[in-house]
Amino acid sequence: MIKISNVFNKIFILILIIIFISTFSASYNSLNLDNLAFAVAIGIDKSTSNKLKVTFEFLAPSPSPESGSDTKPVLNSVDCSSITNGINIMNAYLGKKVNLSHCKLIIFSEELAKEGISDEIFSLINEVQVRPSSNIVISKCNTRYYIENSVPSLESLIPRYYDIFPNTSEYTGYTCNATIGDFFNALVCNSCSPYAILGGIITSDNNSSQSPSPNESSIKSNESPISGSRASQNIGLAVFKDDKLAGELNAIETICFLNIRKQIDTFLISIPNPEDPNSKIDIYLTPNSTHDIKVNIVNGAPYIKINLKFSGKIYSMKKDAQYLNPEVLNRISNSCNSYLESQFSNYLYKTSTNFESDINGFGVYALSKFNTSTEYNKYDWLKNYKNSTFDININTVIDSGFLLTQT
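In our numbering, the protein residues as written are 160 to 566.
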């Protein structure tokens with residue numbers, strides 16, 4: 160009996176070993192990292208031979224770990240009828256399975272965005288590997304060219320750069336953290352409109368000595384005075400009406416957008432100097448938490464009242480400037496108020512009247528003015544938003560410079 164029991168135990172152990180080996184060998188074959196190709200960025204253009212041209216950016220291991228760089232970018236493009244088919248074709252070409260779980264950036268060309276990108280957005284959202292936090296960029300040039308020129312100058316890893324650059328919105332306001340998740344939510348929402356980061360490339364025309372230097376507040380991608388080792392730039396905002404690109408916002412307009420959405424910590428502006436009409440003053444502003452937005456329906460049209468408060472400090476200093484004089488500071492505050500009210504007004508009427516796009520989501524504030532959701536849907540907020548009237552009140556308190564207030 161003891162011998163028979165030992166035989167059965169050995170058979171049982173042998174069966175367990177066989178099951179273990181077969182199970183994990185199958186897992187190894189299908190899911191092993193060696194069989195996966197991780198894409199860190201996807202570019203989507205119109206194709207001349209098919210519907211789409213999809214470009215994948217992969218990171219290939221460096222042949223020499225001691226070289227100081229662990230990976231290098233590899234770009235592959237495919238003409239296809241859809242993103243899903245493009246991925247399938249790329250799987251066959253690479254001999255590996257394309258994995259999008261580490262995709263940081265999804266770029267659409269301006270040309271494609273003008274025709275509508277809802278099919279591509281829905282396909283990407285339906286792909287379980289695509290993270291809703293992936294940023295979405297509308298490129299003013301070919302997406303492959305944009306990706307090729309997005310090699311970071313101050314980061315050793317490309318994914319790290321893709322993670323960091325949208326966060327500059329918190330202290331410059333020149334771009335925004337626009338994700339594909341937010342884009343999808345706005346696309347299916349009846350109270351707001353989608354938006355994306357505006358991307359572009361530094362061109363020789365921008366740096367020509369004969370070209371007029373743009374005002375700092377009016378710069379945007381492809382139209383900025385920047386020159387550097389990295390050619391790509393991300394300044395401004397791409398505004399959508401439904402799934403189609405409606406227009407672009409420059410730097411100061413993007414600042415207005417972020418302030419209304421309460422997504423900016425600090426920002427720098429240049430305002431007219433009330434003490435010298437031929438000069439400007441750089442002001443560093445911090446939004447107060449008491450921003451107030453109210454929406455009413457007056458004679459069938461939206462009436463939107465916005466109260467914004469800022470505290471600021473003077474950045475640019477001049478000899479003999481009386482920035483400790485309360486009267487001078489008051490005049491500077493009034494100049495700042497007037498400048499901001501003008502910029503906010505221009506921005507709001509541009510997005511509502513010209514673009515007919517509620518990227519700030521004012522429709523959410525209007526919900527309480529309707530008794531039922533059926534009544535709100537019948538009103539059709541996105542259609543009526545173009546008839547909006549805006550009442551903007553800015554209150555800014557300016558202190559003198561940082562050092563002058565501390566000494």
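No wet-lab data here; the hints were simulated from the structure. For each residue, glycine too, the CB sits at the ideal point set by N, CA and C. One thing to keep in mind: the hints can contain errors.
List of simulated lysine to any residue pairs, SDA-like, C-alpha gap at most 25 Å [claimed, not checked]:
no., residue 1, residue 2
1, K256, E269
2, K231, V289
3, K542, D402
4, K545, T425
5, K537, L346
6, K528, S350
The following label-pair restraints were derived from C-beta to C-beta distances [stated by the list, open to error]:
no., residue 1, residue 2, range
7, F549, L195, 49 to 55 Å
8, N513, I452, 20 to 26 Å
9, G387, K256, 35 to 41 Å
10, V556, E286, 45 to 51 Å
11, F529, I248, 45 to 51 Å
12, R319, T512, 55 to 61 Å
13, V310, K256, 22 to 28 Å
14, I452, K273, 27 to 33 Å
15, G406, L195, 35 to 41 Å
16, S315, S277, 34 to 40 Å
17, K273, A460, 52 to 58 Å
Evaluation of the provided hints:
| no. | hint | result |
| --- | --- | --- |
| 1 | K256 with E269 | violated, 29 Å |
| 2 | K231 with V289 | holds, 22 Å |
| 3 | K542 with D402 | holds, 15 Å |
| 4 | K545 with T425 | violated, 30 Å |
| 5 | K537 with L346 | holds, 18 Å |
| 6 | K528 with S350 | holds, 13 Å |
| 7 | F549 with L195: 49 to 55 Å | holds, 51 Å |
| 8 | N513 with I452: 20 to 26 Å | holds, 21 Å |
| 9 | G387 with K256: 35 to 41 Å | holds, 37 Å |
| 10 | V556 with E286: 45 to 51 Å | holds, 49 Å |
| 11 | F529 with I248: 45 to 51 Å | holds, 49 Å |
| 12 | R319 with T512: 55 to 61 Å | violated, 40 Å |
| 13 | V310 with K256: 22 to 28 Å | holds, 26 Å |
| 14 | I452 with K273: 27 to 33 Å | holds, 31 Å |
| 15 | G406 with L195: 35 to 41 Å | holds, 39 Å |
| 16 | S315 with S277: 34 to 40 Å | holds, 37 Å |
| 17 | K273 with A460: 52 to 58 Å | violated, 29 Å |
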